[in-house]
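**Student:** From first to last, the protein sequence lines stand for chains R and D.
Here my numbering is used: the first residue of the first sequence is 1, the next is one more, and so on.
Here my numbering is used: the first residue of the second sequence is 1001, the next is one more, and so on.
I should point out that these hints are in silico values taken from the structure, not numbers from a laboratory.
We put the beta carbon where it would ideally sit given N, CA and C, even for glycine.
Please note: incorrect hints may appear among the correct ones.
Here's a subset of chain R near chain D, in silico, CB distances under 7 Å, partners left out [unchecked claim]:
(1) P46
(2) Y89
(3) F101
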Amino acid sequence: QSALTQPPSASGSPGQSVTISCTGTSSDVGYYNYVSWYQQHPGKAPKLMIYEVNKRPSGVPDRFSGSKSGNTASLTVSGLQAEDEADYYCSSFTTTNVDVFGGGTKLTVL
Amino acid sequence: EVQLVESGGGLVQPGGSLRLSCAASGFSFSIYWTHWVRQAPGKGLVWVSLINTDGSMTRYADSVKGRFTVSRDNAKNTLYLQMNSLRVDDTAVYYCARGRWADYWGQGTLVTVSS
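Just chain R, with the same shape it has in the complex:
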């Protein structure tokens, strides 16, 4: 159950787009279309932003989008806003029937 690999940090200016990667293996990200993304502001509980690779829950702005290619999933935030500054975590189901998170990416809006 190795954690998925995310860059520790990412940044962009307001209005720009930023993409955060999440690299796994052929036993998790590459096997299932069961990748989720969570946003967490300091001191707050995580919030689901994307599930099943590219589906947005009700209420999540369409500025947030997800994709996957091979063993790597990606979260793209378009039209960056100040409130998007947060930690982002990916998660995937695995072939051992457990879930695994990435290490998290701190997104800074410059």
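Fit chain D to the given chain R structure using the hints.
**Tutor:** For chain D alone, kept in the frame of chain R given last:
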């Protein structure tokens, strides 16, 4: 309004036990799978456990397998996590989260394992 409220955290010595609870309200608890996820101070999220709707299927991270037991009481709309043989590295905020994709989370309960 969907609410998940964790309780039962606290300070415990290494080797000790705790039982966490997660009280659900505002939705039909019995039809949702539920997760436990933890976060050590200043660290990232770590998946701990998952239980299906009737408790017949449970899954655990390798780090807690054999020490932690997840269960649920659908009549009481409550999820539990029995934690035994606690270690210092189990220190974390423990969250419960609703559904296969964890679409709602509680605010967490802090477990501190220290002598």
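**Student:** Quick check on the hint: R:Y89 CB to chain D CB, less than 7 Å?
**Tutor:** It holds, given that the least Cβ distance between R:Y89 and chain D is near 5 Å, below 7 Å.
**Student:** Under the criterion of a CB-CB separation shorter than 7 Å, is R:F101 in contact with chain D as hinted?
**Tutor:** holds, 5 Å
**Student:** Let me know if the C-beta of R:P46 comes in closer than 7 Å to any C-beta of chain D, holds or violated.
**Tutor:** holds, 5 Å
In summary, this structure violates none of the numbered hints.
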